[in-house]
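Enquirer: Spelled out from the first residue to the last, the chains are:
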Amino acid sequence: MTQGNLYAPYLMRVDEVVEETVDTRTLKLSFKDPEVAAKFDFKAGQFGEYSVFGAGECTFCIASAPTRKGYIECSFKKVGRVTAAMRELNVGDTMGFRGPYGNSFPLDKMAGKSLVFIAGGIGLAPVRCVIQNALDLRDKFKDITIIYGARSVGDLVYKRELDEWAKRPDVKLWQTVDPGGETKEWKGQIGFVPNVVEKAHPMALNAFAVVCGPPIMIKFTLPVLAKLGFKDDAIYTTLENRMKCGIGKCGRCNIGPVYVCKDGPVFNAAEIKKLPPEF
Amino acid sequence: MTRQMFISESALKSLAEELVKAGTRLVGPARERNGDLVYREASDLGEIELGGDPPTRSLKEFFLPPTEVLLTYRQKQGDVEVTPAPHVFAPLVVIGARPCDAAAVAAVDKVMDWDYHDELWFGRRLATTIVSVACGGGDASCFCTAVGLAPDSAKGSDVLLVPVEGGFHAEILTEKGEALVKAHAARFTEGGKAEAAKAYRDAARGKVQANLSADPAKIRAFLEAGFDHPIWKGIALRCHGCGACAFVCPTCHCFDIVDEPDSIERGTRRRNWDTCQAAKFTLHGSGHNPRNEQNCRIRQRMMHKFAIYPARFGEILCTGCGRCIRVCPGGMDLLETLDKLGRLPAGAPAEAKRGAP
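Residue numbers (the working numbering), protein chains in the order written: chain G, 1 to 279; chain R, 1 to 357.
There is no bait here: all hints are sound.
Sample of chain G residues lacking proximity to chain R, with all beta carbon distances greater than 12 Å (derived):
(1) 19
(2) 30
(3) 37
(4) 68
(5) 71
(6) 228
(7) 231
Listed next, the in silico DSS-like pairs over lysine-lysine satisfying Cα-Cα at most 25 Å (straight line):
(8) G:219 x G:262
(9) R:218 x G:274
(10) G:262 x R:110
Here's a subset of chain G near chain R, in silico, CB distances under 8 Å, partners left out:
(11) 4
(12) 7
(13) 54
(14) 55
(15) 79
(16) 93
(17) 94
(18) 244
(19) 248
(20) 250
(21) 251
(22) 254
Because the hints were derived from the structure by calculation, they are not lab data. Owing to the predicted nature of the structure, the values given are computational and were not obtained by experimental measurement. Note that beta-carbon positions come from the ideal geometry of N, C-alpha and C, so glycine has one too.
Could you put together the complete structure from these sequences and hints?
Expert: Written out as structure tokens, the structure is:
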């Protein structure tokens, strides 16, 4: 499904711009070419190269679920040239997208099991894709627990969906902010994600965990999950090494023998523990 | 079986003339005005040096140019029109490729065809016929024989020429090679001079073998187990992180993709050579850098060439051309490093703890 050469992107129209936080936005995008739109498909966890012409390309996961047809979403924080240009985009503008690339979360394997989603900050973006996917196929899964934290109330992303998930009787949602990040109105937890995971105490039996967030959060969450009885091959995460091509050529995302773009970005903790600590 | 033929020096000159006359681009090692020997377009075989010094830069720029256009774009009021760069190229014949450079291109083919077929790389590959000339054994930095190649390796060449009295023993190796011979049939005579070529080939091999004898399997075994070995701690003391080694390397293929606007309305998206030796190569948007020291970056380069790529693609990503040694402003010496690594036992003291990020 490439046009002309591997590096030529599809053109996408910005359909919606959502302000998530002071520095984070979500763009809802649809393919300009109806033929591409009809053929396009992806799996939860895959990523793409998004571009603003004149600024360049940037790698993000697809933050929406493949079960929600006709559009994709990406969430980004303004940190560099491309994300600064993405911030300038308005509804109706055109941007580029190459993908989907990489592997995906093993939803087939997760069917019939309980799911525990643990995310910190903007790390909720790739996790949200799996959450939406699982909620759209709710009958296929047992308990669904979501534990999400950010530094402060203002740093929580996807607030509309957090409210929606909170209301659902078939979802257990734990929201937390770091101590000092709360507001007067805050009704959620106050504390770091690993501690909240311990408090939430999700059952490890017949369950998979999906974890994504800052390295420090993952580092302290994994021992908690181990204590709760989660085996390494039942804990999944997605790595976000810097990439350029996304298709195993440009040599940028290697971690030891692994090409994150082709072998990943989704790995389980057993696979990650075999890697040299270069991520 | 490879067809063996003979071509005289004057016949090769005539063949080159015929190519140029037919509009085919002729490329070979030729001198720049400053005296550097580089692969460049020539109008006559007389400009091309078929033996002697190794060219300062490799052949890779004819397949992966230092900078190339991936697409052009035009935009107006939020609307964009994209034109991908064409991937059909005019025919080109390289005469006088060093076998190490031809072998490098064949090694890089593997990653360029890994599930996603890179049309720009293979467009140029398809358009190019490589006529190599067996090397006389290079200089003190050469070590092709230590990485499974030789001064007369046929890998990656369409035709291999071996200098003999009055001309060249020619081995026709591929369909492209056959097509070249067919198009210039009058220039070749059947039979070859394999006997006469043997002495030249043996002498060249012996010369390179004297520079380094190392076992690539042993080096790979060390690298696969030796991520935490203390040797990596001081390895980069002489490295400036300039990346010159990667740019002159015939197999280094890392690249960057950038947009270059000509104006608000139009511009190009390009891929440019890049190198894992650059500090920003792996820098995340958050400011986190997984390879934050030059030591890590050198280790990555060694691992990619001698462990990762062989494991993944069955090819060592080094042809022993020695350019990285000749060009390094800090005096880093891959030949020395390989010699050292080859003597270390596999299995390193586990100093750093492995685990979660």
